[in-house]
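Letter by letter, the chains look like this.
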Amino acid sequence: MRPFSFAWRSLTRQPARAVLGIAGIAVVGALLFDMLLLSRGLVVSFRDLLEGVGFDVRVTADQFVPSRGPMISDGTAVLNRLRALDEAEEVLALRFGRAWATDGERRVSMDLIGVDGNPRKTWTVIEGSRLPAYDPAAPPAILINRAVASRLGLSPGDTLPLRGDCDSRVTALPPVDFQVVGIIAFQFEARGGRSTVTTLPGYVKACDPPNREAMTLFMIASTVEAGPDSVVRAVEHVVPDLHAFTNQEFVDRLQVTDFSYFRQISFVLTTITLFFAFLLIATLLTVSVNRRLGEIAALRALGFRKKRIVADLLWESALLVGAGGLLGLPLGGLLALYLDEILRQMPGIPIGLHFFAWEPRAAITYVLLLALAGLLAAAYPVYLAARLPIAATMRREIV
Amino acid sequence: MLPHRAWGIALAAILTAGAGWSVAEPAQPNAPPILLSRQLAEARDLRVGEIVHLSTDSTGENPRPFRVAGVYEPVPDPFRLTTRRLEARFHLPDLIEFSADPHDPLAAETVTRINVALEQPDAAREFARQLEGRVPGIAVRSTDRSRTGSDPFVVLNRFHTAIAAVTVIGSAAFLLALMVMRSEERRETAGILRLIGFSRPRILLEILVEGLLVALAGSVAGVVIALAVEGLLNRFFQWHYDTALVFVRVTPGIAVKCIAISVPLGVLAGLVASWTLLRRGIMSLLHR
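So the sequences go chain by chain: E and D. Under this note's numbering, the first residue of the first sequence carries the number 1, and numbering increases by one thereafter. Under this note's numbering, the first residue of the second sequence carries the number 1, and numbering increases by one thereafter.
Quick caveat, the hints were computed from the structure, so don't treat them as lab data. Don't take every hint at face value.
Stated by the list, open to error - Just the calculated beta-carbon pair ranges, DEER-fashion: (1) E:L302 x D:T251: 39 to 45 Å; (2) E:T257 x D:V135: 49 to 55 Å; (3) D:A260 x E:P15: 31 to 37 Å; (4) D:R141 x E:L173: 21 to 27 Å; (5) E:L173 x D:G70: 39 to 45 Å; (6) E:G352 x D:L208: 52 to 58 Å.
All figures in this text were calculated on a predicted structure; none of them were measured in a lab. For every residue, glycine included, the Cβ atom is placed at its ideal position computed from N, Cα and C.
Go ahead and model the full structure; you've got the sequences and the hints to work with.
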């Protein structure tokens, strides 16, 4: 009988023990798999979100995250220079601010974004139409997201009186009537977040900022021939005071700053889970071997070599860990959905961002780590079985 | 509490005006005193008594001298965990004089935030409501955080609870497997005890007491291990993020909760595993 068949019979002889052991390994394996998904989940998901917008280079005044850093003072001049670059297919200028409307007595705050250019997939129009060009003779047009629409009961065609609240000055600006032309969904929209988009002149009308030319951020789509790195070099050449970075550089920076906590947590939990798995598998196998010392001694007395006994035990460990590990994958997937839903309740998290994202590398790492844990866990029981004195063991266990 | 806008300016000045740092200066007793965060003092190798030059311009133009009067440890802020705490603290008049916009007539009168300590802290919400009504245009918030479902700490708490629950389920399965094996080992012993007159309840009670003692010992050992790991984890994260924030804390409440979950689980696992054994007849137990 081959070692595999022998190991199979050893396991099926005690189905309760085998089933419980496999179940335990499956649950621990699921947790391990989820921690591996978490370690790079934010990075993978955020990168997908960034690339989904359609722009691959961002330009800011400093290396802070866009919307948290200083403004670009001479925004209009910079915009013209960027649009003149051969490497840039499309340039979108954005200016971030805040505004508020009233719902009866209550003040309803929201983000106000002024834009100049083709937004590509930065947002999707769900209802109504796109933002038209600014017409000084007409009320400025505005796009609102679903949260604003439902909060204020607005539809395309309605009027939205907004007061700008765009900088730290205390102002008493009168409300500006905006024409709602469409309802949109942002790629980076946070759950429950209220956002609106208008043209830059519309933004200036609402906020009356001291510097009307300033911008917060430029987004650039590179030409196919040039690529994002060429765009960054070109931008650094024409506007050396500004900071240009590709999507990958942005993700790399966030990985070190904003995302680092979850990376660290996943590393710690992966280590603890792996150690836990090793401990539990080792205990299960050791207790199992201790119970069968007499049987092992008898097999040795019948002529089974040490290598054969070791092979039987290793196969038994492989079957337990293999079956449990295999079950752990779909279980881990389901658990990841649940844990992801918990973490996405955090304020400010874009709806499209996930903490647990599938990557083949996570599954490969999971298989390797679990295999290593199974191998190391089998080391002590294998040592016990290989070193036991046959006659003394038989006398003690059988006679 | 210093105005945040001024903080930002001072911070930006410190970060960008590399040329503005000058430490080998003759004593300038009239230079206004400032405090530096520990992280900034270490990053720039600055000491108490030294003179530094700060500028609100990123090019370092028009630097002003300030005397380092002290170094402080910033209050750990979980919301600024990944931010390097390169900060300086000024007397408010010094900061206003240093950073005020000369074209803004209200600059000398403007602050970003005012912190208020009430004589009756329980009245914070009512105070906030009244003050907001009396002074239009300001936002008044109590520091008492209402823990709604989307509060980051509530979310993290839920996340860690879910992880803990899954760990308990996994270890319960293993525990049951071990108890099943253990009860199989004691089959003959149980048969002999039944043969000499021990009743099922009597044997079950012995198993229960044994399980309780083992579960208690294991739970206490687990709490001790958690306390040891707590120190390691805190040191690791505090080193990594260069902060004094405490990340892991095993409180008496948490220890009691863990023991309250693990002891009954251990006892139950032992009982369930042994019950299947004790339901058998004596001859079956003795392999007859």
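- Hints violated by the structure (numbers, ascending): 1 and 2
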